[in-house]
Amino acid sequence: MERTLGNGPIVGLVLEALVRTLLVKNVLSSDDVRALLFEAATRLDVEGSPQTPQAAKIMVDEDLAPVFLGDDRKVTTEPFGKSSFIPTPTGEE
0 MERTLGNGPI VGLVLEALVR TLLVKNVLSS DDVRALLFEA ATRLDVEGSP QTPQAAKIMV
60 DEDLAPVFLG DDRKVTTEPF GKSSFIPTPT GEE
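The sequence shown stops at residue 92 when you use numbering that gives the first Met the number 0, and every number in between is there.
In case anyone wonders, no lab produced these hints; they're calculated from the structure. For glycine and all other residues, C-beta sits at the position ideal for the given N, C-alpha and C. You may find that some hints are simply not true.
[Said to hold, decoys possible] SDA-like, lysine to any residue: derived pairs with alpha carbons at most 20 Å apart:
#1 K56 x D31
#2 K56 x V32
#3 K56 x R42
#4 K56 x V23
#5 K56 x L68
#6 K24 x V66
#7 K56 x E38
#8 K24 x A64
#9 K56 x D30
#10 K56 x G69
#11 K24 x P8
#12 K56 x D44
#13 K24 x P65
[Said to hold, decoys possible] Listed next, with one range per pair, are the computed distances between beta-carbon atoms:
#14 T41 x L68: 12 to 22 Å
#15 I9 x L68: 18 to 28 Å
#16 D31 x D62: 25 to 35 Å
#17 D31 x P52: 10 to 20 Å
Take the sequences, apply the hints, and build the full model.
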């Protein structure tokens with residue numbers, strides 16, 4: 000059961016922060032995160048049955064991995080455990 004605090008889903012925000020922190024500390028690699036996301040996506044019941052491996056892979060690549068791993072961003076950790084994203088230069092201005 001997902002609990003919400005106010006109008007926002009706190010569980011998702013905490014999970015994202017936890018994964019990003021574990022990435023920064025090199026406890027998890029991006030491959031580890033992709034594997035975890037794939038396992039979760041295959042168990043997701045979107046249309047009345049678990050996802051096929053192909054559908055789960057697309058879901059991970061297009062929807063989930065960018066949320067947890069970022070696109071063109073590096074994860075950094077500030078003092079006191081705050082994590083944030085720092086955009087990396089792409090050469091496009």
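Comparing the hints with the structure gives:
Distance hint between K56 and D31 is fulfilled; the C-alpha atoms sit about 14 Å from each other, no more than 20 Å. For the suggested pair K56 and V32, the alpha carbons sit about 13 Å apart, so the restraint of at most 20 Å is met. Restraint check for K56 and R42: satisfied, since their Cα atoms lie roughly 12 Å apart, inside the 20 Å limit. The suggested pairing of K56 with V23 is violated, with an alpha-carbon distance near 24 Å, which exceeds 20 Å.
For the given pair, K56 sits about 15 Å from L68 by alpha-carbon distance, which is consistent with the 20 Å threshold. Among the hinted pairs, K24 with V66 is consistent with the structure: their alpha-carbon atoms are about 18 Å apart, no more than 20 Å. Restraint check for K56 and E38: the C-alpha separation of about 10 Å stays at or below 20 Å, so the hint holds. For the hint linking K24 to A64, the alpha-carbon distance of about 18 Å falls within 20 Å, and the restraint holds.
Pair hint K56 plus D30 holds up; C-alpha atoms about 13 Å apart against a cutoff of 20 Å. Of the supplied pair hints, the one linking K56 and G69 holds, its CA atoms being roughly 17 Å apart against a limit of 20 Å. Restraint check: the Cα-Cα separation between K24 and P8 comes to about 25 Å, which exceeds 20 Å; the hinted pair is violated. At most 20 Å may separate the alpha-carbon atoms for a hinted pair to count; K56 and D44 meet this at roughly 15 Å.
A threshold of 20 Å between alpha carbons decides the hint, and for K24 with P65 the separation of about 19 Å falls inside it, so the pair holds. Look at T41 against L68: about 18 Å separates their beta carbons, and that is inside 12 to 22 Å. Take I9 and L68: their Cβ atoms lie about 21 Å apart, and the range 18 to 28 Å holds. In this structure, D31 and D62 break the distance hint of 25 to 35 Å, their C-beta atoms being roughly 18 Å apart.
Roughly 18 Å separates the CB atoms of D31 and P52, a value that falls within the hinted 10 to 20 Å.
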